[in-house]
Amino acid sequence: MSQPPDDLEQRIKAAQHRQKPPVSPADDANAPPSGAAAAMRVATDLVAALVVGGFLGYWLDEWLDTRPWLMIVFLILGFAAGFLNIYRAQTGQDYKVGFTRMKPPNDDNAN
Amino acid sequence: MAANPLEQFVIKPIIPLQLAGYDVSFTQSALWMGLAVIAATLLMTLTMRGKAVIPGRWQNVAEMLYEFVGGIVHENLGHEGRKYFPFVFSIFMIVLMGNLLGMIPYSFTFTSHIIVTGALALFVFLMATLIGFMRHGFHFLTLFVPSGVPIFIVPLIATIEVISYLSRPISLSVRLFANMVAGHTMLKVFAGFSVGLGVVLGVLPLVVNTALIGLELMIAFIQAYVFSILTCLYLKDAIELH
Chain Y
0 MSQPPDDLEQ RIKAAQHRQK PPVSPADDAN APPSGAAAAM RVATDLVAAL VVGGFLGYWL
60 DEWLDTRPWL MIVFLILGFA AGFLNIYRAQ TGQDYKVGFT RMKPPNDDNA N
Chain H
0 MAANPLEQFV IKPIIPLQLA GYDVSFTQSA LWMGLAVIAA TLLMTLTMRG KAVIPGRWQN
60 VAEMLYEFVG GIVHENLGHE GRKYFPFVFS IFMIVLMGNL LGMIPYSFTF TSHIIVTGAL
120 ALFVFLMATL IGFMRHGFHF LTLFVPSGVP IFIVPLIATI EVISYLSRPI SLSVRLFANM
180 VAGHTMLKVF AGFSVGLGVV LGVLPLVVNT ALIGLELMIA FIQAYVFSIL TCLYLKDAIE
240 LH
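Chains Y and H, in that order, are what the protein sequence lines are.
Under numbering that gives the first Met the number 0, the first residue of the first sequence is numbered 0, with each subsequent residue one higher.
Under numbering that gives the first Met the number 0, the first residue of the second sequence is numbered 0, with each subsequent residue one higher.
These are computed hints drawn from the structure, not numbers from a lab.
A virtual CB, placed ideally from N, CA and C, is assigned to each residue, including glycine.
Worth double-checking, as some hints may not be accurate.
Calculated pairs, DSBU-like style, for lysine-lysine (alpha carbon to alpha carbon, straight line, at most 30 angstroms) [to be verified]: (1) 12(Y) <-> 82(H); (2) 50(H) <-> 12(Y); (3) 82(H) <-> 50(H); (4) 187(H) <-> 11(H); (5) 235(H) <-> 82(H); (6) 12(Y) <-> 235(H).
One-sided excerpt, in silico: chain Y residues whose CB lies under 7 angstroms from chain H [what the hints assert, rightly or not]: (7) 11; (8) 14; (9) 43; (10) 47; (11) 48; (12) 52; (13) 60; (14) 69; (15) 75; (16) 79; (17) 80; (18) 84.
So here's chain Y without its partners, still in its complex pose:
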């Protein structure tokens, strides 16, 4: 065990300052991935939303006895949601929900 050095206070400050812009590689994850990873990602995002849309429509149809109309509608909505997923993944917004964050940071009067 070493003695706490005199400049400990400053070093803690410096460490806290370094922590402000953290060094974690999270920036990479928000940026659009490249190549095969992006393709894989796009495929799962699109298919996942389609599957959810399809199942939602199917269940609602079973419940309301409206086969096949709601399934058709929800498949189309699922397709839209899938492309929304892809758009967000590609623009580095990941899974953020809602449009509020889509505006550019200097756009003050919107909102």
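Take the given structure of chain Y and dock chain H to it, following the hints.
Chain H only, in chain Y's frame:
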């Protein structure tokens, strides 16, 4: 002759068990899940027993893992995310251990089963949704209604947003599952080539396989990272409702 490359994913019961008509056998999948938990616990406790100011090699491993996940949480959730760190760290460790233990020959990769990754993703998803409702009440539902949208297309947009929201656990679990299955199948296929081509030519696929194992180790880590960062992103939506 060459074994079926998908055979490695077959669940085999170790202790067959029936409970109320359900098959609740203790399988090799359950065994490796248990081992993953034990390995993660031992890694974090035994290595930190010394609590040395200047860490040794093992303590360094534990500290690096801790700081890595701590960085992810801090980056995404800020100071508010501190109390969710144990949750994210547990998710990270179980996925990482599942992926890495699966790289040991003759072991079993439990993350290569959609039911396992699906349960994990669903847990994360329900947790994030629950936290969202607990923090914001029904105000949380405004998450699905973007501001500044004409009122008559709000139902349409909201439905699409809900579908997009519900698709998260699916794409989260499928990504981990697909990566693990693809990687381990590829290893097995190339190993099969080695067996089929004999001693001389069989060296070539062996070289490829060696490189693939390195790649797989990287993927094991990256997928654990992706899983935990997405956990953070979900929690972020739940915590800071905009």
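Hint check, failures only: 7, 8, 13, 14, 15
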